[in-house]
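J.: Protein chains in written order, with this note's numbering: chain A, 25 to 366; chain B, 25 to 366; chain C, 25 to 366; chain D, 25 to 366.
Incorrect hints may appear among the rest.
One copy or two, it doesn't matter: identical chains are merged, so the pair holds either way.
[Stated by the list, open to error] List of simulated lysine to aspartate or glutamate pairs, EDC-like, C-alpha gap at most 16 Å:
hint, residue 1, residue 2
1, Lys223, Glu197
2, Lys304, Glu85
3, Lys333, Glu78
4, Lys91, Asp243
Because the hints were derived from the structure by calculation, they are not lab data.
4 protein chains.
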Amino acid sequence: MLVVMGSAATEQQVRDVCERIEALGLKAHPIPGAARTAIGITGNKGAVDLGVLEALPGVIECIPVSKPYKLVSRDAKAEDTVVTITTPLGDVLVGGGNIAMVAGPCAVETEEQCFAIAERVAPTGVKLFRGGAYKPRTSPYSFQGHGEDGLKILANVRKKFGFGIITEAVDNESLDLVEEYADVIQIGARNMQNFSLLKRAGRAKKPVLLKRGMSATLDEFLMAAEYLLSEGNYRVIMCERGVRTFSDFSRNTLDLAVVPAVQRRSHLPIMVDPSHGTGKRSKVLPLSRAAIAVGADGLLVEVHHEPDKAWSDGVQSILPEEFAELMLEARQIANVLHRVVN
Amino acid sequence: MLVVMGSAATEQQVRDVCERIEALGLKAHPIPGAARTAIGITGNKGAVDLGVLEALPGVIECIPVSKPYKLVSRDAKAEDTVVTITTPLGDVLVGGGNIAMVAGPCAVETEEQCFAIAERVAPTGVKLFRGGAYKPRTSPYSFQGHGEDGLKILANVRKKFGFGIITEAVDNESLDLVEEYADVIQIGARNMQNFSLLKRAGRAKKPVLLKRGMSATLDEFLMAAEYLLSEGNYRVIMCERGVRTFSDFSRNTLDLAVVPAVQRRSHLPIMVDPSHGTGKRSKVLPLSRAAIAVGADGLLVEVHHEPDKAWSDGVQSILPEEFAELMLEARQIANVLHRVVN
Amino acid sequence: MLVVMGSAATEQQVRDVCERIEALGLKAHPIPGAARTAIGITGNKGAVDLGVLEALPGVIECIPVSKPYKLVSRDAKAEDTVVTITTPLGDVLVGGGNIAMVAGPCAVETEEQCFAIAERVAPTGVKLFRGGAYKPRTSPYSFQGHGEDGLKILANVRKKFGFGIITEAVDNESLDLVEEYADVIQIGARNMQNFSLLKRAGRAKKPVLLKRGMSATLDEFLMAAEYLLSEGNYRVIMCERGVRTFSDFSRNTLDLAVVPAVQRRSHLPIMVDPSHGTGKRSKVLPLSRAAIAVGADGLLVEVHHEPDKAWSDGVQSILPEEFAELMLEARQIANVLHRVVN
Amino acid sequence: MLVVMGSAATEQQVRDVCERIEALGLKAHPIPGAARTAIGITGNKGAVDLGVLEALPGVIECIPVSKPYKLVSRDAKAEDTVVTITTPLGDVLVGGGNIAMVAGPCAVETEEQCFAIAERVAPTGVKLFRGGAYKPRTSPYSFQGHGEDGLKILANVRKKFGFGIITEAVDNESLDLVEEYADVIQIGARNMQNFSLLKRAGRAKKPVLLKRGMSATLDEFLMAAEYLLSEGNYRVIMCERGVRTFSDFSRNTLDLAVVPAVQRRSHLPIMVDPSHGTGKRSKVLPLSRAAIAVGADGLLVEVHHEPDKAWSDGVQSILPEEFAELMLEARQIANVLHRVVN
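Start from the sequences, fold in the hints, and give me the full structure.
T.: Following this line, the structure appears as structure tokens:
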């Protein structure tokens with residue numbers, strides 16, 4: 025924390041602030057400048073909320089300096105975390121130069137639907153299947169997912185096709201079930217700061233895919249992951265899925281710069297969801313290519329064989345044959361970057 | 025829903041879109057213009073996701089027309105809802121020209137702290153007390169609240185001073201307890217789209233204060249309330265607490281225009297939280313005055329007798345004597361608008 | 025500037041950064057903490073762009089500390105600037121507790137229109153009239169204003185009714201004419217960072233009303249004013265008119281917290297434009313009341329006697345009788361705050 | 025335009041709205057639904073501002089349907105526009121599968137600096153050179169560019185190395201000179217809605233590179249281009265350079281989805297500026313690759329041989345050797361997409 029004093033601040037005011045800091049058990053480092061004095065603070069273990077210093081006479085501003093995250097930071101672990109997802113088709117690696125692809129419908133509708141899609145994407149070599157059994161919907165009148173019945177359908181997809189399964193949990197009850205049936209537990213964007221759910225997921229025995237909240241800053245995104253790690257779950261995959269801005273031509277604004285930003289600060293891998301990130305079928309392929317090119321550690325893509333009959337989000341689902349083309353291009357672009365799609 | 029066809033769309037393409045609409049059991053109304061044709065759709069009960077029409081040949085755009093909310097709408101109930109909060113000090117009305125004031129600390133720290141604040145704000149005539157027993161915190165290392173012990177302290181405040189109690193629930197477990205101990209259940213901004221929690225709160229026997237999510241549109245805010253009403257709880261108070269924007273001098277950007285906007289579309293009352301809405305003590309008083317002047321049905325204000333010793337959010341808490349001044353000004357401004365502070 | 029070193033930074037890296045700083049003629053102040061070292065920098069007169077230090081080995085982040093504005097700052101002038109606008113009806117004061125009201129149409133359409141509006145608002149005691157002769161329009165096919173002919177109409181309004189005139193200049197050519205015909209030169213939101221125009225306005229002999237850009241931070245807003253003062257024009261009035269956010273129910277999001285924020289940092293007065301700030305007639309009155317209550321030094325309101333026949337922005341214009349009501353309420357609310365509407 | 029009536033609107037109110045529409049010389053198409061009636065309007069040539077209908081009794085909302093842009097639209101010209109930039113090194117094509125690369129410093133500092141950079145990037149095969157002679161700077165105290173002297177240096181770069189020159193004009197005076205000295209006239213983000221400047225650039229005899237404003241919607245961006253085309257200049261290149269959002273880890277949020285969005289609606293080519301789009305050297309390369317992968321028609325990259333001595337924006341400039349690597353990768357990624365870097 026750095027405390028900036030006004031140019032009219034008296035020496036006494038500077039001393040008072042320093043004394044207050046020392047009284048809190050911290051160390052004050054005054055830095056006298058030509059126009060004004062700043063005071064550095066060291067020794068804070070995070071327990072003291074220093075914003076209140078802003079109210080002291082002569083103080084202009086308090087600027088936080090230390091980053092609040094610890095376990096997710098490269099300071100704690102310098103090398104890339106590689107998350108291994110075990111599937112009947114073989115292990116899938118995420119991170120450290122390994123790119124994981126995930127395909128499947130927005131919502132689990134019927135076993136026929138899931139099998140039809142699984143069958144069509146299997147030949148592309150994709151090993152992970154997604155599909156929602158619990159659907160957070162803006163409207164209480166929209167289809168909310170089949171719940172455990174949906175999870176059973178996904179388990180059948182796993183059994184029949186060998187895919188690893190990624191699906192969302194929305195509360196502690198559904199998390200118990202998702203942990204049982206699926207291979208990766210997804211925490212959705214709307215729940216990124218549902219700390220009760222994060223704590224439960226941090227105690228789960230399966231990897232967690234954590235989606236960035238719609239208006240989450242980078243620090244908040246990393247701190248949400250910190251909740252998971254602080255409870256003991258180190259198998260965490262971050263996921264960018266678009267943020268909310270004034271821009272109105274796409275459902276969200278896909279913030280691809282967050283990929284190198286997360287990779288710089290944290291050892292955790294980060295995937296991209298171009299389907300929610302754009303909300304329009306015509307933009308999914310270009311943004312998927314861009315996500316691979318920016319260095320994402322994987323893609324989570326909504327695929328439906330009959331998008332215009334989908335029960336939800338058909339407008340942003342691509343066709344299985346488009347996904348096949350994407351797999352091909354993803355491999356080629358990854359190749360340029362000396363990375364591997366698995 | 026209105027489907028806009030491109031200027032190069034053929035008559036056959038227009039016919040195809042109309043046929044698709046009719047095949048869905050809906051009615052198509054083509055509107056031929058000089059440059060292009062638009063097609064109105066009627067008969068949709070909400071079950072059909074029409075966005076997929078956007079993928080048909082010749083279609084430029086699908087524009088939603090109907091609003092998705094029903095029970096919260098003035099269409100469903102034209103006159104203002106007045107929520108009554110029963111307290112030992114007497115009933116507090118919110119809405120329909122009645123303004124409710126709420127004061128108290130961000131977090132319940134100790135009984136001494138709560139009593140000290142309650143004692144200092146009681147003479148202002150305020151009848152509702154706030155304080156967090158469950159604290160959603162960005163960092164897992166920050167104080168997370170005392171839980172049920174905190175609720176017991178609040179119950180003691182209620183007993184000793186007669187205040188009605190408003191406090192936040194963060195998951196189904198804490199909601200059971202909050203419903204038992206408090207008079208109003210608060211759903212925080214981070215949980216505005218925690219639909220599992222909303223459904224539970226919709227079945228509660230106490231009024232609910234629903235805070236707007238940090239990046240919630242007006243429709244999403246109203247739809248979150250729709251979840252509550254659709255489960256049977258009609259005693260809902262909306263609350264604006266600032267949205268997230270590029271603007272960096274305040275913690276959030278308080279969007280006061282949402283007050284008349286909600287009041288125009290919905291019969292539900294709407295309060296304002298100027299403490300989280302600004303995040304700075306020096307802005308709480310001016311924005312509180314503005315909130316009353318814009319027509320808010322109440323204020324939720326963080327008050328602490330020793331803000332620089334607060335365990336959380338001290339930087340945005342005002343002093344009891346500042347709150348007393350605010351009560352006075354609120355009454356005067358409300359008077360200009362022919363409204364009543366109670 | 026504060027340079028934050030990584031926790032893995034070596035002592036040598038810290039020394040290297042310090043040496044680089046000293047080589048730039050500045051002074052380095054290392055602050056060793058438990059986890060990491062920060063280095064304060066003093067002596068920078070603004071000429072050196074220190075962001076490049078971020079690229080040095082071991083550096084995590086560079087945090088700017090000093091504010092870049094000088095002449096607009098309360099550091100340069102502690103007491104409020106009161107701008108005097110000379111009109112045939114008498115001087116109008118803006119700032120220092122004095123609130124100025126401005127009414128008039130979005131665009132100058134005809135002399136009849138301006139006279140009709142002027143006649144209807146005159147009895148309210150308002151002394152300043154607004155109306156655009158140069159209209160920045162999103163579309164090249166929209167009405168762009170009458171130019172000098174429009175200014176002549178405004179001059180006739182001044183002559184006949186005694187109002188002071190505020191109108192917008194959009195380039196150096198129009199500014200020459202606006203300076204000649206009007207009493208206050210308006211710089212619009214789209215031109216807030218048109219630095220060529222700002223420099224010209226800074227050399228004008230009339231006061232300038234500077235609107236905040238649609239996505240201007242507080243620092244950028246103040247720096248735009250700094251351009252005006254640095255060229256010698258100290259008679260500057262800031263004006264909030266709404267910023268662009270994700271929120272879609274109003275044309276812009278009126279950021280009323282910027283009023284106390286500007287007043288804290290700067291001695292310059294700040295007005296509010298609730299018409300562009302909301303874009304909807306139904307929100308102009310509530311937000312106008314809120315602007316007065318938050319402490320704005322004036323309001324700029326679009327008034328039209330036949331809004332549904334207005335050539336532009338009729339949808340956000342209020343009626344003369346609504347403006348009369350607003351004047352009354354503004355006086356009453358100002359009275360609560362011990363301020364004066366003039 | 026579509027007028028949505030409230031569910032409580034009477035038949036008389038619907039008729040009144042229709043009559044008002046017909047009185048404006050337009051045609052009304054009522055669409056009666058189960059819950060409410062909507063009224064389509066055809067025949068509007070853009071002259072009538074229909075927003076005012078929103079104020080009529082019974083009306084809930086007016087929804088614009090037609091897009092306001094004409095000449096930039098694919099409706100006006102279906103095939104891609106390919107802009108040809110003539111340089112001593114040969115023609116550079118932009119659009120229609122041709123990708124143009126541009127390199128150079130943020131600001132023209134000295135002839136030595138420009139020559140040093142030009143010499144280092146020439147071997148990569150790049151044919152276009154950028155560098156600012158007129159610099160829009162947030163602070164009046166920052167380096168504002170060398171003006172015509174800077175343009176002369178750029179002309180010397182052209183002469184000695186054969187590069188085509190792209191540089192910014194900030195007002196009508198500088199545009200006259202830029203048109204004379206350079207090969208492409210750049211309009212910066214801050215001037216995207218400086219309509220006076222756009223009109224002048226629309227009459228220029230050189231191609232124009234139009235940067236997206238920091239908070240410009242897609243429609244506003246296209247309408248700014250419409251100003252250029254409507255004045256007769258059809259050689260327009262759009263350029264995404266990041267938009268302003270809450271996200272604070274990068275200078276701006278690069279909105280790559282705008283590339284396919286512009287390409288879908290308009291025949292004009294669109295480039296990307298990853299330097300301003302990210303503001304950090306470490307993000308320029310990843311985002312450059314992503315921009316090529318998303319389908320951009322070119323890149324505008326800040327390159328400096330001594331970034332830490334740059335007079336401006338050194339923090340976002342990459343080294344010549346990094347640019348060489350980027351050229352290589354850009355060719356490889358373009359190859360995957362069957363596009364050509366020239």
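J.: Sort out which numbered hints this structure fails and list those numbers smallest first.
T.: none
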